[in-house]
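A.B. asks: Mapping of the sequence shown onto the UniProt record's numbering: residues 1 to 354, in sequence order.
No wet-lab data here; the hints were simulated from the structure.
Among the clues, some could well be false.
Here are the computed lysine-lysine pairs in the DSS-like style, where the Cα-Cα straight-line distance is at most 27 Å [to be verified]:
(1) Lys49 with Lys255
(2) Lys223 with Lys307
(3) Lys257 with Lys49
(4) Lys163 with Lys173
(5) Lys257 with Lys173
(6) Lys163 with Lys64
(7) Lys339 with Lys103
(8) Lys103 with Lys315
(9) Lys272 with Lys257
(10) Lys338 with Lys103
(11) Lys41 with Lys272
(12) Lys41 with Lys163
(13) Lys163 with Lys272
(14) Lys110 with Lys132
(15) Lys160 with Lys172
(16) Lys255 with Lys221
(17) Lys163 with Lys40
(18) Lys40 with Lys160
(19) Lys163 with Lys265
(20) Lys255 with Lys40
(21) Lys49 with Lys172
(22) Lys257 with Lys305
(23) Lys103 with Lys64
Okay, the calculated beta carbon distance ranges per label pair [stated by the list, open to error]:
(24) His114 with Leu38: 16 to 26 Å
(25) Leu38 with Asp324: 45 to 55 Å
(26) Leu60 with Lys40: 36 to 46 Å
(27) Leu152 with Ser351: 15 to 25 Å
(28) Ala320 with Asp104: 29 to 39 Å
(29) Ser331 with Tyr177: 48 to 58 Å
(30) His222 with Asp104: 43 to 53 Å
(31) Ser351 with Ser126: 19 to 29 Å
(32) Gly196 with Ser351: 56 to 66 Å
(33) Lys40 with Ser137: 18 to 28 Å
(34) Val102 with Ser137: 19 to 29 Å
(35) Gly214 with Thr251: 28 to 38 Å
(36) His114 with Lys160: 43 to 53 Å
(37) Tyr177 with Glu256: 17 to 27 Å
Since we're looking at a predicted model, the values are computed, not measured.
Positions of the beta carbon are idealized from the N, C-alpha and C atoms, including for glycine.
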Amino acid sequence: MVCRILSYFCQVKIEYILTLLVCGLGVIHGFMLGVYLLAKKYTTGISHKILGVLLLLFGLRISKSIFLYFTSDLEFILITLGLTLILLLGPLFYLYTRSCLVKDFQIRLKMGLHALPFLIFLVLNSLMLLSKTFYVSFGIYAIYLHFLGYILGSFFLFRKQLKQGVSLGSTKKKWLYAIHFGIVFIWASYFFFLLGEAIPYIMGPLTYSIAIYGLSLWALKHKVFQEDKVKYKGSSMDIVASRSIFEALTTYLEKEKAYLNPDLKLQDIASKLKVSTHALSRSVNENGHQNFQQFLNSYRIQEAKSKLTSNEYRKLTISAIAFDCGFNSISAFNAAFKKVEGRTPSQYRASLAD
C-alpha cells in the first residue's frame with residue numbers, strides 16, 4: 001500500500017502532495033499526542049488517559065480516510081473497519097467529558113455497554129454479513145448519527161453541570177467548549193459529504209488536522225494537559241475560608257430547611273451568605289465532595305427517608321413526598337434517591353414493611 005502511494009507522487013499535482021502532507025502530519029501529531037497522554041503518569045483522574053485512547057482511535061479512522069482518498073482500491077473490509085471505529089469515538093468522547101465534570105470519575109463495567117454497537121458491527125463485518133449496499137443505503141448514516149447523538153449528549157451534560165454550579169475553572173470550561181466545537185467541525189465535514197459531493201471527501205482529514213493543530217496549540221498555551229494542582233495547597237487562609245463558608249452553608253440549610261424549596265439556586269444561597277457563587281461552589285466541591293445540586297439533593301433525600309420511615313406520612317404517595325422534600329419531578333427524585341441508596345424510594349419503603 002505504501003508503494004502505491006509513493007508511485008502516486010509521480011503522477012499527481014503539487015496540491016495533492018501538500019494535501020497529503022498536511023493530513024498525514026495531522027494524523028501523526030494526533031497519534032503522538034495520544035501516546036503522550038497515555039504514557040504520562042497522572043496521579044489525579046483518568047480524563048487524560050481517555051482522551052489519549054480517543055486520539056489514537058481517531059487517528060486510525062482518519063488514516064483510513066487518507067488511504068481511501070489517495071488509493072482507489074482499498075479493501076472493503078478495511079473501509080468498513082474505519083466506519084466501525086466511529087462507533088467507539090462517540091462513547092469515548094462522552095466518557096471523556098464526564099470524566100472532566102465528575103470528581104473522582106472511574107470507569108465501571110456497565111459502561112462497556114456503550115461499546116455494544118461497535119462489537120455487533122465488528123462481528124458482522126468479520127463474518128462478511130454486511131454488504132456495501134447496506135452501508136450506502138443505511139449503515140453509514142446510522143453510524144454518523146450515532147456519533148452525533150453522543151456529541152449532543154456530551155454537550156448537554158456539560159451545560160447541565162454548569163447550570164448546577166459545578167466548579168470547573170475558566171481554562172477547563174473553555175477547553176471543553178473548544179473540543180466540542182472541534183469534534184462537531186470534523187463530524188460535519190464527513191456527514192455533509194454524505195449528503196452530496198459539494199464537500200470533497202478529503203475535507204474530513206483536513207478538518208481533523210486543523211482541529212488537532214488548533215486544539216493542541218491552545219492546550220499547550222493554557223497548560224491543559226498538566227496535572228491538576230491540589231486546590232488550596234499551601235494556603236491555610238483559603239482552607240479556613242472554604243471551611244467557614246461550608247459550615248455557614250450547612251447551618252443555614254439545617255436551620256432554615258431551605259433545601260425544601262424546589263427552585264433554590266446557587267445564586268440564592270450565595271446572596272444569603274454574602275459570598276460569591278464561585279466561592280460557594282468551590283467550598284461545596286472541596287468540603288462536601290459533591291457539586292452543589294448533589295449536595296442539596298443529599299439533604300432532600302435524608303428528609304424523604306425520614307418521611308418514608310414515619311408512620312405519620314405512611315399514607316402519602318411517593319410523588320407527594322418527592323414534592324414535599326424539594327424535588328421538581330418524581331423522575332428526578334427516583335434517580336437521585338437510587339444513586340445514593342442503591343434502590344428506588346418505592347423499593348426502600350417496601351423493604352421497611354418486610
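A.B. asks: Starting from Lys272, check that the Cα of Lys257 is at most 27 Å away, please.
C.D. replies: holds, 14 Å
A.B. asks: Take a quick look at whether Lys163 and Lys272 sit within 27 Å of each other, Cα to Cα.
C.D. replies: Within the cut-off at roughly 19 Å; holds.
A.B. asks: Regarding the pair Lys223 and Lys307, is the alpha-carbon distance no greater than 27 Å?
C.D. replies: violated, 49 Å
A.B. asks: For the pair Val102 and Ser137, does the Cβ-Cβ distance stay inside 19 to 29 Å?
C.D. replies: violated, 39 Å
A.B. asks: Run the distance test for Lys339 versus Lys103: straight-line Cα separation, threshold 27 Å.
C.D. replies: Holds - the C-alpha atoms of Lys103 and Lys339 are around 15 Å apart, at most 27 Å.
A.B. asks: Regarding the pair Lys41 and Lys272, is the alpha-carbon distance no greater than 27 Å?
C.D. replies: violated, 43 Å
A.B. asks: Given the hint that Lys41 pairs with Lys163, does the C-alpha gap stay at or below 27 Å?
C.D. replies: violated, 32 Å
A.B. asks: With the threshold set at 27 Å, check whether the alpha-carbon distance from Lys257 to Lys305 stays at or below it.
C.D. replies: holds, 15 Å
A.B. asks: Hint says 43 to 53 Å; check whether the CB-CB distance for His114 and Lys160 agrees.
C.D. replies: violated, 19 Å
A.B. asks: Using the beta carbons of Leu38 and Asp324, state whether their distance is inside 45 to 55 Å or not.
C.D. replies: The hinted range 45 to 55 Å holds for Leu38 and Asp324, with Cβ atoms some 49 Å apart.
A.B. asks: For the pair Gly196 and Ser351, does the Cβ-Cβ distance stay inside 56 to 66 Å?
C.D. replies: Given range 56 to 66 Å: holds, Cβ gap about 59 Å.
A.B. asks: Quick one, are Lys163 and Lys265 close enough, alpha carbons at most 27 Å?
C.D. replies: Roughly 9 Å separates the two Cα atoms, so the pair holds.
The structure shown violates the earlier hints numbered 1, 2, 3, 5, 6, 8, 11, 12, 14, 16, 17, 18, 20, 23, 26, 27, 29, 30, 31, 33, 34, 35, 36 and 37.
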